[in-house]
Amino acid sequence: MAKHHVSFTINGDPTEILCETHATLLDVLRDELELTGTKEGCSTGDCGACSVTVDGRLVCSCLMLGVEANGKAIGTVEGLAKGDKLHVLQEKFLEHHALQCGICTPGFLVASKALLEKNPDPTETEVRYWLAGNLCRCTGYDKIVRAVMDAATVMRGA
Amino acid sequence: MHATVDQLQKARIDGGVHEPRAHDSSIRHVTGEAVYTGDIKLPADAVAVFIATSPHAHAAIRSIDLEAVRRQPGIIAVLGAGDIPGINDCSPFAGDDPIFAEAKVEYAGQSLFAVAAATLAEARAAATLAVIDFAPQPAIVTIAQAMATQSYLSPPRTLIHGDPEAAIATAAHRLTGRIEIGGQEHFYLEGQVAIAMPGEGDEMLIHSSTQHPTEVQHKVADALGVPFHAVTVEVRRMGGAFGGKETHGNLPATVAALVARQTGRAAIVRYDRDDDMHITGKRHDFRIDYTAGFDDTGRILGVTFDHASRCGMSFDLSAAISDRALCHADNAYFIPAMRVTSYLCKTNTASNTAFRGFGGPQGMIGIERVIEEIARHLRVDPVTVRRANFYPHKDSGGHRATPYRMLVEDCIIQDLFDELEASSDYAPRRAEIIAFNAKSAVLKRGIAMTPVKFGISFNNIMLNQAGALVHVYADGSIGLNHGGTEMGQGLFIKVAQVVAEAFQVDLDRVKITATTTGKVPNTSATAASSGSDLNGMAALDAANKIKARLAAYLANAHNVAAAAITFEPNRILVGGREIAFDDAIAEAHRARVSLSATGFYATPKLHWDEGTRTGRPFYYFCFGAAVSEVAIDTLTGENRILRVDIVHDCGRSLNPAIDLGQIEGGFVQGAGWLTMEELVWDDRGRLKTHAPATYKIPCASDRPVDLRIKIHDRGRNIEDTIYRSKAVGEPPLMLAISAHAALSDAVASVAGGRVAPDLDAPATPERILMAVERVKANAP
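Going line by line, the protein sequences match chains A and B.
Numbered per this note's numbering, the first sequence spans residues 1 to 158.
Numbered per this note's numbering, the second sequence spans residues 1 to 780.
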């Protein structure tokens, strides 16, 4: 099978890979780059477990080909913390117990970060509808929404 | 970690029992570093395995020709029923779930053969080249079809107490009806996945996303034809399970092991979402027919229920599930005469399985429907009828027995109802809703308050046992292992808190390690809400053994009475002298004291007579109460849950943060089941809702607008459970019955409560709209 030379940045780091034509960005992240924080939940763009940002825009990485990442800036959950310093969203998810099994958590964090960059002062309704593309089967969402609202408050003050 | 005694002086350890502590993996969850089974780094020559499945719901297999699959470039192995050295079965006990079909297929999605290749895409593509000659046969898909043809897995199972027919016949009032309750897909975000890694000789290491490592061990060993000791099954964490990984992890694990044995390479089986939903069983859908007799005050005198459940093509756990439904047909109500007959319908669908509540929720919905109908008949508030029928309060001086003859000695449902009725402003809101509905032509609101009483323990007595292994290392750090599995429910942190409390050391000294059959053998599934009850007690037993050895040594070495040794926060008091915990451990180690112990627990007081269906199947009951308020649009059937108030009993909660999460998540999952999640099969038995695009689970925007959850603050288990806590995994799911009852209430308001809404579940917009139209058409 043909392989394509693809270069992009991943969480700010310049990266070059040889990518199969049919490999999704999710495959590239998990299998090539061993960034397994991004999860596969449905492969059809409905569950949000594979959420990443592409040039700041929220994308389901299962719906995007790896070759389409060429020249883009990709952001994943692994890029949220700076060294040992957690992102405010991560801290707030911990503080509010906004997770249980944790497998949807990376997607929620990436989606929430994308929201707050777009809209630093969302209403609770806006948070709930923005996150409607991320499925969680454990929590019931209440604590997730609270964590995002709280993080937004802190980030506006920062 | 070494500190002086002075530094360690404090009144309370950090992270003992009853403290709200974060999930043990939470930091790794938010950084993406938590390793799930599918994230494990595989050897370079590992193979991906695709399981090819039947397109037919029911067919004889005349022949299977896999030669073209084998010849495909890149295919490393192809395995069918003839390639199994041991037993071709992955069922939990009945021997009726073949790993690979042989002469027949009994559901669309049944495993036929496996293909291994370097990538899943290659394996999947090659599988399409198989030439299989099927002779399709008529499929029994629905409960109605199964009942009409008496297609049962077993003879009907009956629970009977008193003479319900006579009680109903002589009652002042009678009613009869039917409710149909749909099934539910687990939709764990992490699908089924297992990795097999061949070792020396006949050894096989399995990483499996399973709630039941021991059963996976047994099924893999049987399939390979090796003793259980040759197979080790390890589970660090699951990405959700909800019962769906109690038995349905067996197939991927056995197939992975068979491929690994044949190829000598590591093998991974990971279902994608569509395959997962086609292959695995779900919550049983039920059809419940009821007849009830009651007096002028709403007191129930006798009830009969016929439960018909869609079990699918094999037993799986259906017998136990139907028994739990029988044992919850009373919910929180004392019913003097009752008969429940359970029909286990054998259908050509995936074998339905455990799902949070395990038949209990369906049983409870039957009696809650009866209560609502009694209230409508007598034109009183359902809360009045509920209160009139509750089991006596634990302090009332008189206990009543359930229909299966277990005394209810711990009933606190009245306390919860009193608290919730006041805190939720139930009565004023009910009045306000009546006023609103009188003015509002299109939008109608409804409200309902419902109780939960849920029995804790496995109905199968032998399963109520657990083991643990605790090591205190020479530096004073502690390794903890037990038979329970972590699926997000917070079991690991709770058991770690138990061990920290027992040793009186800070929680960060306790390292929780992956569940493995190599450390704790012969375990039961982490199921039936029993994880912390069983494994917490087993871990406490192990800790107590080590503490006893330490105390005996210290008493002897320091020449004080054993009674003068006490475990204080991070230190041990030896007579008048304080020794830091680390120092005491180092000293004991030098003195050759064993600092490792196994622990064991078997739940006391349980007994069950399978013949008469009587006994004490439960150690205790959990209680909860919820008020839901909803709105419906009578022109479209659209609906919203506006507000939910919950008071739930966790005994003395081991970890209120974890327990609150279970209550919230359980409610929302239950509300999904009863209001939106709809499984649809076509008339040939093919599942049409096999991905999130067609199967709708609750999302963030569906969450109740106003959600107020409280843990009952006076909770304390009357039984001697782990630190007097109560199980919490399943019971809160049934709080969502209030949402369905509130929707029924809103529908009934269309005709002023004079026509039975007969709202089935799930109460989708379509069903609500049809119910509204029916009620309007039948309005007097």
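You may find that some hints are simply not true.
Unchecked claim - In silico DMTMM-like pairs for lysine to aspartate or glutamate, Cα to Cα no more than 20 Å straight-line: (1) B:Lys41 to A:Glu32; (2) A:Lys3 to B:Glu122; (3) B:Lys104 to B:Glu122; (4) B:Lys10 to B:Glu419; (5) B:Lys41 to A:Asp31.
What the hints assert, rightly or not - Using C-beta positions, here's what the derived DEER-type ranges look like: (6) B:His558 to A:Lys85: 42 to 48 Å; (7) A:Lys85 to B:Glu610: 24 to 30 Å; (8) A:Ala2 to B:Gly82: 55 to 61 Å; (9) B:Asp133 to A:Ala2: 51 to 57 Å; (10) A:Ala158 to B:Gly74: 50 to 56 Å; (11) B:Phe436 to A:Glu124: 29 to 35 Å; (12) A:Tyr129 to B:Asn544: 50 to 56 Å; (13) B:Asp96 to A:Tyr129: 32 to 38 Å; (14) A:Ala158 to B:Leu407: 26 to 32 Å.
Calculated from the structure, these hints are not laboratory results.
A virtual CB, placed ideally from N, CA and C, is assigned to each residue, including glycine.
Consistency of the hints with the structure:
Proximity of lysine 41 of chain B to glutamate 32 of chain A is assessed by CA-CA distance (about 12 Å); at most 20 Å being required, the pair is judged to hold. For the hint linking lysine 3 of chain A to glutamate 122 of chain B, the alpha-carbon distance of about 16 Å falls within 20 Å, and the restraint holds. Between lysine 104 of chain B and glutamate 122 of chain B, the direct Cα distance comes to roughly 27 Å. Violation of the 20 Å bound is thereby established for this hinted pair. Only pairs whose Cα atoms come within 20 Å are accepted, and lysine 10 of chain B paired with glutamate 419 of chain B is rejected, the gap being roughly 36 Å.
A threshold of 20 Å between alpha carbons decides the hint, and for lysine 41 of chain B with aspartate 31 of chain A the separation of about 9 Å falls inside it, so the pair holds. Against the hinted window of 42 to 48 Å, the Cβ-Cβ separation of histidine 558 of chain B and lysine 85 of chain A comes to about 46 Å, which satisfies the hint. At about 59 Å, the CB distance of lysine 85 of chain A to glutamate 610 of chain B disagrees with the hint of 24 to 30 Å. In this structure the hint that alanine 2 of chain A and glycine 82 of chain B lie 55 to 61 Å apart at CB is violated, the actual value being about 38 Å.
Under the hint 51 to 57 Å, the C-beta atoms of aspartate 133 of chain B and alanine 2 of chain A, about 38 Å apart, miss the expected range. Remark: the range hint 50 to 56 Å for alanine 158 of chain A to glycine 74 of chain B is upheld by a beta-carbon distance near 53 Å. A beta carbon spacing of about 24 Å between phenylalanine 436 of chain B and glutamate 124 of chain A contradicts the range 29 to 35 Å that was offered as a hint. Range check, tyrosine 129 of chain A to asparagine 544 of chain B: about 52 Å between beta-carbon atoms, so the 50 to 56 Å window is met.
About 46 Å separates the C-beta atoms of aspartate 96 of chain B and tyrosine 129 of chain A, a value inconsistent with the hinted range of 32 to 38 Å. Against the hinted window of 26 to 32 Å, the Cβ-Cβ separation of alanine 158 of chain A and leucine 407 of chain B comes to about 59 Å, which falls outside the hint.
Hints 3, 4, 7, 8, 9, 11, 13 and 14 from the list above are not met by this structure, while the remaining hints are.
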